[in-house]
Each structure stands twice: as structure tokens, then as C-alpha cells.
Amino acid sequence: MTGTREPLLTVEHVAVHFGGLVAIADMNFGVHSGEVLGLIGPNGAGKTTAFNVITGFLRPTKGEVRFKEVSLNGLKPHQVTSLGLVRTFQRTSVFQDNTVVGNVLIGLHRRGRATLLDTLLGLQRETESEQELKEEAWSILRLVGLERRAFDLASALPYGDQRLVGVALALAAQPTMLLLDEPVSGMNASETARFIKLLGLIREQGITILLVEHDMPMVMGVSDRIIVLNYGRIIAEGPPAEIQRNPEVIAAYLGHGARRVHHHA
Amino acid sequence: MRRAFALVFLAFLLTLPLWLQDPYLLHILITTGIFTIAAMSLNLLLGYTGQLSLGHVAFFGIGAYVSALTTLGFDVDIGPWTFVHEPWPVMAGFVLAVLISGLCGYLIGKLSFRVRGAYFVIVTISFAEVVRLVALNWVDLTQGPLALNNIPAFALSVPGLGEHTLWGKVPNYYLVLAVAVAAYILIKRLVGSRIGRAMVALKENESLAVSVGIDVTRYLVLAAIISAALAGAAGSLYAHYVKIIDPEIFLFIYTVTMVIMVVAGGKGTLAGPVVGGLIFGTLPVLLRSYLGPEFQWIFYGLFMIFIVFVLPQGIVPAVEQRLFPSTREPPPEALATVEPAKGEPQ
Amino acid sequence: MGQFLQHLVNTLILGGTYALLGIGLTLIFGIMRVVNFTHGELYAFGAYAVFALSMLLGANFFLALVLALLGGMALGALIEIVLLRPMRGADIDTTMLVMIGAWIIMQNLEMLTWGGVAKAVVTPFPEVPLVIGSVSVSYLRVFVLVMALVLIAATYFLINRTKLGKAMRATFQDADTAALMGVSINRIYTATFAIGSGLAAAAGALLGPVFLAFPTMGDLAALKSFAIVILGGLGSITGATIGGFILAFVEELGAGYVSSGYRDAMGFVIIILVLMFRPTGLFARAERIG
Amino acid sequence: MLNMTKLGGRALLAATFAVGFAAAATAQTKIGIIQPLTGPAAASGNYVANGAKIAVEEINAKGGVLGQKVELVIEDNKSNPTEAAAVAEKLITRDKVPVLMGAWGSSFTLAVMPKLMEYKVPMLVETSSSGKITTSGNPYIFRISPPSAVEAEAFAPKVQALGIKKVDFLVVNNDWGRGAADDFSKMLKSKGIQVGLVETMDQAAQDISAQLNKIKNSDADTLIITTAVEQLTLAFKQAAALGLKRRIITTGGSQNPDQLVEHAGAAANSTMHLTFFTPWKPEMSGNPEAAKAFIEEWKKRGYPFAGLTESFRGYDGIRTIVAAIEKAGKAEPEAIRAALWNVELKGMNGPIKFQKAGPAGKESGQSYPGVYLITIEDGKIIVPQS
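Chains as they are written, first to last, in the working numbering: chain F, 1 to 265; chain B, 1 to 346; chain P, 1 to 290; chain D, 1 to 386.
Calculated directly from the structure, the hints in this document are not laboratory data.
Don't take each hint at face value.
[Unchecked claim] Listed below are the simulated DSS-like cross-link pairs for lysine-lysine, each with C-alpha atoms no more than 30 Å apart in a straight line: (1) D:Lys132 - D:Lys158; (2) B:Lys188 - F:Lys134; (3) D:Lys299 - P:Lys119; (4) B:Lys169 - D:Lys330; (5) F:Lys134 - B:Lys203; (6) B:Lys169 - D:Lys362; (7) B:Lys169 - D:Lys90; (8) B:Lys110 - F:Lys76; (9) P:Lys119 - D:Lys300; (10) D:Lys380 - P:Lys119; (11) P:Lys119 - D:Lys281; (12) D:Lys132 - B:Lys169; (13) P:Lys119 - D:Lys245; (14) P:Lys119 - D:Lys292; (15) P:Lys119 - D:Lys214; (16) B:Lys169 - D:Lys96; (17) D:Lys186 - D:Lys353.
[What the hints assert, rightly or not] Sample of chain P residues lacking proximity to chain B, with all beta carbon distances greater than 10 Å (derived): (18) Leu5; (19) Leu8; (20) Ala59; (21) Leu67; (22) Ala77; (23) Leu78; (24) Gly89; (25) Glu127; (26) Val128; (27) Val142; (28) Lys166; (29) Leu253.
The C-beta atom is built at its ideal place from N, Cα and C for all residues, glycine as well.
Next comes chain F alone, as it looks inside the complex (with noise of 0.2 Å):
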């Protein structure tokens, strides 16, 4: 960490309020260039809340969100996408009734060359661009390692594979920040393994990752740096080791989820 230069994304005084309910209260904190921070916090504490107006799915009451050094305030979702900070989703995150292929041919979006007009009139460039979005998606495939199924349709694979596509979804996008919603949710333990051995490859194409996951052994396994939620508030924020120690945290957990820590734990 460099101290002095500014993060990567860095959330300032952000505040969500719903009608009367204070979603978050007023969050600080910031992730810097190539680290993996992991956000944890009980059931209801914020943090996909969190994730939503990161991304520009919800608009913060107060506050603002800054990538790159650029404020996203106001910004719709896809032209956060567009800098680079692209998110998966907690649940149903493919499109159902594509091909796995088709599904990463989507996320690739963003990097066809073709003009409307190259594709009306079926133009060179649009062959082209076709051919290397698909030369792209196989790389992405291979990188996830779901080049068998490629042309199974998403919602015939197993779960498991399916919040792989998810991933590899957000990979064709593009991201110079990666946000997983609680990507192993649901996976068994060797689903689980896979997908942590993915997050290292991931890591390696210098992809900065922000976390959200209720499995333990898995974020303090994977994570530089952890934040914790709880009730809108951030309560505390340190390297895993510390926050497996801090009072505060346990005393969170027991009032809200302990059967989870415990579970994994």
C-alpha cells in the first residue's frame, strides 16, 4: 500500500436511507490497486446494499463513490461498467436461455468493433470483430474452465457452474475491479476450492477484487483485507487475522449469524 495516492475506488461518507429505514449509515473506505478486500457483515447489515451503489444500481442519499479517481455520482450502471468496475450478482446471474458461449459473447459487449452499419450490411469489420469476440469468449472459457459445456445451454449446468459463468460474465467485461456478490454461496467444498484457485488466477491478470461472502474460511483465506458491516455501519477493518480476533466483530456474529461462523468455522 502507498499511503499517500488515492485508492483504487474509494467510498466517501456514503449514506442509503429507504423512506425511513437507514440502510447504511455512513460508510468509509477504500480499495486499493490489486488487492483482494473482503466485505462481511451479518444477514441485513448493508453489504449488498453497499455493492448497489457502488455499481449505480441505487443512488446513494448522501455521499459519493469515486473509481479511477472519477466521482460515479449519477452515473448510470453500464457507464460504471465502462470504467472498469463490474459486478456479479447474488443469484440467478446468466442468462438462462443462452449457451454458456452465448453468454460470454454478451459480456463481451463492450469490445465489438462493429458499427451498426458494418452489421446491417454485413460489412468486413463486422466478421471480423465477430471472429475475435469469439476467440476472446474461448480465452475466457479456458480461463474458467468451462470450455466442455460451452454449448450447453446456462441454466442446464449445475449450480455451480452456472455462478462460474456468472464470473466469467464478468471477465468479458472488462474489469480493472471485479465485485463478487457472494460467489460461493451454495458450492459445495470442491466447487469451493475450484473457485478459489480461479480468484488466484483472476488476481494474477492484475484484477483488483472486492468480496461479499458469508463463507469464512474462504474470505479470510482469500483476502488481503477485511470490512466489516454491521447494522449500516462499518464496525471494523484490518488484515483477517485481526479481525478474527476483534471482540466487536464475534460479539456481531453471535447476535445475528453465529451458526454460520460456526458452521464453517
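We have chain F already, so just place chains B, P and D on it with the hints.
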């Protein structure tokens, strides 16, 4: 396989006037063709972007009126100004019909895609109704309920060969067929491209599509523009073929006819509107001897409910599944070429 | 001034029946998430029912009105049970297609039954108008307004003061939770559709004698109902009531001071304006669209 | 897809056979009729079609024409011009009728006219009144109804007697209504009478109170209304409800006065109507015997008496066409067209004989029937003595 079917079918359509001499049946086929083009254009919105646009007839009608007025000429007073337009050739009318319908598609898209679901449906219906009432009441321009009559027949000007006016049924048949094939190819290219994938993505999961950087409004509006422009082309063909149009061209029932064609044939498939268009375009003629018009419509209504209950995907996907049960995704040839060599990926 | 007062009186009379139409449609949408394309046909049904009962069978005019309302409710219940019940859980576009099919069938059945020639209903009200100052209005229209207001009040009472109304409101809030609390969703849906349909039939039964009954009369009524509920916000009963009167007011003024040809266009122009500045309607509660 | 095509092809083939077979089996003389059987003008269109049916049965009972039975092919133009053109196309190309009658409204007739030119088939116009129909140079048009200018001239002598000073118009927004407003205005202005408001209404409009409210605030003494009977009923009722006290005169001969009395009640009192047939006094008809027989037959079939002022047009129209076929000696379009010029017939409202109208070389035929001004008093129809 499918390509072969398409080519055989096209050959059948091309040779049809050679053995079908009955002018009335040709007439029916021409109007069927025109409505099929409109249905294909609607399919782009309804089938590919998943937006139930129920004002589609507005673009068809605007195309018809623009083309008719361009070729008939008009003079209109707006406030202190008088606009006089001398008649132009039909080709100009056709081009203007496409452009202005497309422009209306843009404006309406911009406005109505701010909402979804029931609001969107009602807004699109309202738009068509407003256009109908303008056509009905702006008598100076549109002749209102007096109808625009004596619209000239389509004329093709070929450099060096002079101008050819398409008076008869056979040339009109080929003209409509040519435009229909062109529309089919355009739509096929579009939906097979990155743009088409973006549209389908929006239909399936808007949030997810947005998260990979697809600009929702942009692609919905783009679909609306192209769809409206094609509908405008169909409207222009209609105006110069039937040679008379009046404000009832904007009635909701015509949109419903297009919707039935698309839904019955199979929305979101290329062949769907063609199959649906042919069935529902020619069915009235076949039924006419046996059923009164009211029974025919009742039959349509029942058929629509039947399709939704029994074949929600439409005829084409159902037939395809029967014919090629296991070819849900034949690997496209282009993809096969870059498929990695068999073996472990890493 | 006299002309303006006359327009105001006309507004009230037209607005009452518009409100009935709007409430019926918005109730069905709010609770069932169904855009009811048969709404206009139920309106036509009401008008034809009054014609058939009072002109053909010689029934008392007022009795005919009541029977038209009840008949509309029964027809609505039938549509709900036959067409909508099997569609539970289908998305809104799919049910719309089914309702469009039903609309086509109903309209053509009317055409077959009654023919294309419009039918007039003769009422027991005198032809001589009620004249107050510069304003003149027929007794029939005054009766229509009073009846419309009575029905609107009855609907409010039903929704806010009865057990059925409570269950309907619970379903409106959240159908799943209401079901968990022991509300029979099927029964609520059927009742809702029946009430909405009954209101449309009542509007037709009241306006039919003022104008004429003809097979396509429902089309414009349906379009206007759509305009009213968009204006008031889909699912808002208060919105539909006020929307009905606003639409009538704008139509009257448009016809009186702009051009009578654009009377029917006014509603749609309002829709477009509302959409530009307040896409969820004037009175909708904060609700996500899409 | 293959299956569908095959199925479609087979059905098409079957349909072609069916059509061919039907044509071979029936050696009948066909006459195509285009009328508004549905929509805002439906009442009138149905009356005309029924009048035509009576004429055909009468003719067939006497052995038909040229030894063949006459067969009517009746199509609905749905009170819409485009639909009128479409059914004309169908009647000519599919049913192969050699002659047409129709299409009631002026806008519908004008819509059909290019089809007549295209396929060279004559049409007898039984109701339409717009001047444009016979002045546009369409030699396939033969009209037995009076153009509105003729109607206006027939009314001209009454203007002084009634003491009319200023007139407002309320007309249906189509060729019929606008044509009537133009022609009557011209006639009135030539007599130095003021013309005030010209208000229009859509043919499907139900609520006309806004227009009537405007008219109520004008200082004219007379209101001329031109529209079909259903809308007239609404206009009368709404005028009464607004307390509009004005002399009301209607034009166009589609008022069916008895229906007005029945549906508009007291609101129809002291209104005046220009009609072209007086079934209340058949002895005034141009052909009293035929008129009495027709009225008898009409009543016998249980049709409303009110329809007679319209249905006679269908009856006269078919008799005129059949007379032409008889004269032509064959049921072919060109022969019928030529023969129509030589037809002379005693019609219900005067002799039917076509005179040339419109640009030289491509004249349309126009016959000049009688016009009557009747009054409704206390629910009774008062026919003038003349």
C-alpha cells in the same frame, strides 16, 4: 438444414405467380406479405427485446401517410405559414416513410422506455391512438375521414431504363417479396450480431445485461428505430398498393393482428412472424366461404388464447423441437474453427 | 361564463362514469397485476344488458340497471375463473395476450348477437331539461351522476370498511403474505375481477341510455380507462377517481375551446405529458416499475 | 415449416377448386352491393341492402333477367372508405360481378371509384350526395340520388317562406357532410342569407354537446344538420337537453323520420327534413303502384316503417341495374355501362334517366329525382301537399 428449408420456401414463393393466376389470391398474398413485413418488424421489439409494444400500427400508418402525402403533395397552413409540397416520385416517398417512421420510433422509444410493463403497454397504445386522432382531425393535411385517395402506384426508377410503374398484381407481388426478403436479411444480421445479443440480454435479465456494460435505453431505442423504420416501409408498400388510406389504418385491431402473427408463429425466432403472417394473412380468405367475419375473429381470439395456453413459444419453436429434437444448439461453424484441441485446457 | 358553467356541469356528469371505469380497471390491476383488455367489453355488456332488459323484455328501467350491474359481475367472475385462474404466476405480458384474445371474442359475440346497427334505450326521464340559470341539463344525466357517485362511495366503503375489503387490501400489499395469513387468494381475485367488471358494466348501463349501444363502443371506453389509470397511477383508487374527473374536465374544455375533434385526443395527450414529467402517475405511491 | 407449407398449399388448391366449382354451378347474373352494414352508418346500409333484396326477389319471381336468376353479393364496407375499396376489389376480382351498387356514403363511394376505373366495371350510386362523385370524370359512375347542390336548389324556394336570416351548420366530418355544408352555404349566400358557424363531428362521435353548446351561443335562427339517423337522434336529444331552441333542418335523406320520432321523442318535434321519398303518402311517389307494393312487401317482412326512406334507394337501384342488363342483352361490364345511358324507368321519387355530368369525354351519369321537405309535429310526420 434450416437454410435449405428457407431456400426451398423462397423458390416456392418466387415461382408462385407462374402457376397462381387468380388475381384475388395474388391480392391476398400481396397484403399478407405486407403485414408479414410489419410482423417481422414488431418481432424485433416483442420477440428480441421482450417489450410488448402495442402501438406498432402507428409506425405502419405513419409510413403509409408519409409516403402517400409525399407522392400526392399537399398544402397546409400552420399558423401564419403555408407549406406547399409538390408531388414527388414514389421512391422518395418510400425513403421518407422509412426515415420518418424511424424518427418517430426514436422519439417514442425515448419517451416510453422510461417505463416498463403495463405502463409501457398502455403508453404505446395511447401513442397509436393519438396519431389516429391527429390523422382524423388534421383534415388540411390528411383529408381526415375523407381518406387519401388515388395514391399513385409504386414506380421503380432504374438509371438508364427509365421509370417503371407497377400497375399489375404480379410486379407488386415481387416488390413486396423483395422488400420482405431484404427485411428478413437485415433482421437476421442484426439479431445474430453483438447488437442482437445485447437486445436478447435485456429481455432475459436487464440488471445483468446492464452490469456487463450494455446501455439499456440505447439498445431499446435502437430496436424501436429499426422496428419502426421497417414498419414504415411496410406502410409505404401498403399505401401504394391499395392506393387509399384513412385514419382507421391506426386502429388497435391491426396491431393485434400483427401481435397474433408474431406470437402464434413464435416470438424471438426469425421464421416465426413469417409463418404466423402467412397463416393469419391467408386464413381469412380460406375461412371466408365458411365463416362470417365475426366468427373468424372469434376463431382468432380463441386461437390466441389457445397458443398462450398450449404453445406459449409459438408454432416455429414447437415444430423445430419436433423435427430436430436434439439440435437445440448446433455449434456455429465459425465457433468450431476456434474450438480448442481436445485435451486438458491447462 | 354561461358556456363555462355548462362545461363544468358536463364535466361532473361525464367524470362520474369515467371514474367508475377507472376504478374498476385500477382495482383489477392493483390487486391482480392484470391489464384487463375486456374492460371495454364489460362496459358494452352493461349497455346492451339495459337495452335487452328494458326495451326487449319490457323490464323496469331501474331494475334493468341493477341486473346489468349484477350480470357484469357474474361475467367478470366467469372470465376470471376460466381464463385467469389457470394463468396464475404467468408474467403480465402473457396474461395481456389472453385478455386481448378474450376482448376480440367478446366484441364479435356482441356483433353477432346485436348486429352492427346501434341500439337506443328509451328512459322514463322527461326530455325537457332541468334549467338552472344559464345551465341546462337533462334529468337522465343528473341521475347518471348521482348513481355514479353512489357506486363510487359504495366501492370505497367495500374496500375500507368490510372484511372482504380488508383481505383485498392485504392482497394488494403482498399476495404471498396475505395467503400465509389465511386469505384465499383465488376468492379475492375472483371477487376483485367481479367488482371491477361490475363497475365497468354499471358505467355502460348508465351511459348507454344517454348515448347509444353499439358493438365497438367498448374500444374507446377501454382506451379512456387506460388513460384514467395512467393519470391516477396504476393501482390507486383515489387516483382513478380524481383521474376520471380530470379527464372529463380536460375533454370538455378541449372540445369547447380548442376543437371538438380533439376531444378524445386530450386524454392521450395527458398520458404523454404525465409520462414526461411524472412517469408513475399523479397519485401513485412510490412503487418500482418494471 | 415444410408441413405448414404443404398444408397451406393444399388448402389453397382446395379453395381454388371450390371457387371454380361454385362459378360453374350457378349460371346466375351477379350484382355486387357495397353497403355499411356495421359501424356508424349501419342502420341506413342495412335498409338499402334489404330494399335491394326485395327488388331481386320480385325480379326473380318474374323469371329473372335474360333467362337467369339475379344473385346479390352483398359486402360490408364497415362505414370505412378503405374497407369499401377493399371489398370492391374482392367483388370484382373474386366474385367477378359485372356491375356494382353502392357504397352509401360519399367518402365510401369516392374510395371505390378508382377501382371502377382500374377494372372497368360500372357502379350505380344510390345514396351518396357529394358533388365530387359525378364531376371527377369517372365514366363508370351512374347516380340516382341527388347531389347536395341539387338538394340545395330544391330547398331554395322555401328559404324565403320560412323567414331564414342566418344559418349555422352541424355536419358529419366527411365528403357528405362537408359537401352539403358547401353547397347549401353557396345557395344561401346567393340569396343574401348569412352563414354562421360550420361545426363538424366525427361520424362515430356520441357526445356532440360541445358543438351544440357553441351553436347555442350563436345568434343564428336556423341550424342545418347533415348526418345519419343515429347521430341525428343523439344531436336532437343533446340539443334538447341543452335547451337549444332553433329551427332545425336536416339534409341528405338519411333521417328515417319515424325512427327519429321513436328514439328522440319530443326532441324531434318541429324539426324539418329534406327527404327523397314519402312513404307516408305513396300517392306522391313518381310510381305510386310500385311504391304501394314495395311498402306492403316491406311491412310484410317485418322491417321497421322508418327504413322506407332509405330502402327505396336499394329497390330503385337494383331495378335500374337490371333494366340496363336487359337492354345490354348480356351481363358484361362494358355492355351494362353503355346500356345504363339508355335506361328509362319510373323510380319511386320520379323518373330515372341519366344525364351527362362532369368533364366532357368521360362523363358520369346523373339522374335528377324529387326532393321533399317534411316536418315533424307532435310526433307526427307532416308531408306538404304538392
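Evaluated hints:
This hinted pair checks out: D:Lys132 and D:Lys158 have alpha carbons roughly 26 Å apart, not beyond 30 Å. Simply put, B:Lys188 and F:Lys134 have alpha-carbon atoms about 19 Å apart, close enough for the 30 Å limit, and the pair holds. Between D:Lys299 and P:Lys119 the CA atoms are separated by roughly 21 Å; this keeps the pair inside 30 Å, and the hint holds. Between B:Lys169 and D:Lys330 the alpha-carbon distance is near 28 Å, which keeps this suggested pair within the 30 Å criterion.
Taking the CA atoms of F:Lys134 and B:Lys203, the gap is near 22 Å; set against the 30 Å cutoff, the hint holds. About 26 Å separates the Cα atoms of B:Lys169 and D:Lys362, which keeps this hinted pair within 30 Å; it holds. A hinted pair counts as satisfied when its Cα atoms are at most 30 Å apart, and B:Lys169 with D:Lys90 qualifies at roughly 14 Å. At most 30 Å may separate the alpha-carbon atoms for a hinted pair to count; B:Lys110 and F:Lys76 meet this at roughly 16 Å.
Proximity of P:Lys119 to D:Lys300 is assessed by CA-CA distance (about 23 Å); at most 30 Å being required, the pair is judged to hold. The suggested pairing of D:Lys380 with P:Lys119 holds, with an alpha-carbon distance near 22 Å, which does not exceed 30 Å. Of the supplied pair hints, the one linking P:Lys119 and D:Lys281 holds, its CA atoms being roughly 28 Å apart against a limit of 30 Å. A distance of roughly 29 Å separates the Cα atoms of D:Lys132 and B:Lys169; the hinted pair therefore holds under the 30 Å criterion.
For the given pair, P:Lys119 sits about 26 Å from D:Lys245 by alpha-carbon distance, which is consistent with the 30 Å threshold. Of the pairs offered as hints, the one joining P:Lys119 and D:Lys292 holds, with about 29 Å between alpha carbons and a cut-off of 30 Å not exceeded. Of the supplied pair hints, the one linking P:Lys119 and D:Lys214 holds, its CA atoms being roughly 27 Å apart against a limit of 30 Å. Our distance criterion of 30 Å between C-alpha atoms is met by B:Lys169 and D:Lys96, whose separation comes to about 16 Å.
Between D:Lys186 and D:Lys353 the alpha-carbon distance is near 27 Å, which keeps this suggested pair within the 30 Å criterion. With a closest Cβ-Cβ approach of about 27 Å to chain B, P:Leu5 is found to remain outside the 10 Å limit, as its non-interface label requires. For P:Leu8, the non-interface assignment is confirmed: its Cβ lies about 24 Å from the closest Cβ of chain B, beyond the 10 Å cut-off. Here P:Ala59 stays apart from chain B, with its beta-carbon at least about 27 Å from theirs, past the 10 Å limit.
Listed as a non-interface residue, P:Leu67 keeps its Cβ farther than 10 Å from every Cβ of chain B; the least gap is roughly 26 Å. The non-interface label for P:Ala77 is consistent with chain B: the shortest C-beta to C-beta separation is roughly 18 Å, beyond 10 Å. Consistency note on P:Leu78: stated as away from chain B, and its beta-carbon is indeed over 10 Å from all of that chain's, at 14 Å minimum. Non-interface status of P:Gly89 relative to chain B is upheld: no Cβ of that chain comes within 10 Å, the nearest being about 13 Å off.
Under the 10 Å C-beta cut-off, the non-interface status given to P:Glu127 relative to chain B holds; the minimum distance is some 30 Å. Every beta carbon of chain B lies more than 10 Å from that of P:Val128, the smallest distance being close to 34 Å; the non-interface claim holds. Every Cβ of chain B is farther than 10 Å from the Cβ of P:Val142; the closest lies at roughly 30 Å, confirming the non-interface assignment. Every CB of chain B lies more than 10 Å from the CB of P:Lys166, the least distance being 25 Å, so the non-interface label holds.
Once the 10 Å rule is applied to beta carbons, P:Leu253 is consistent with being away from chain B; the minimum gap is 16 Å.
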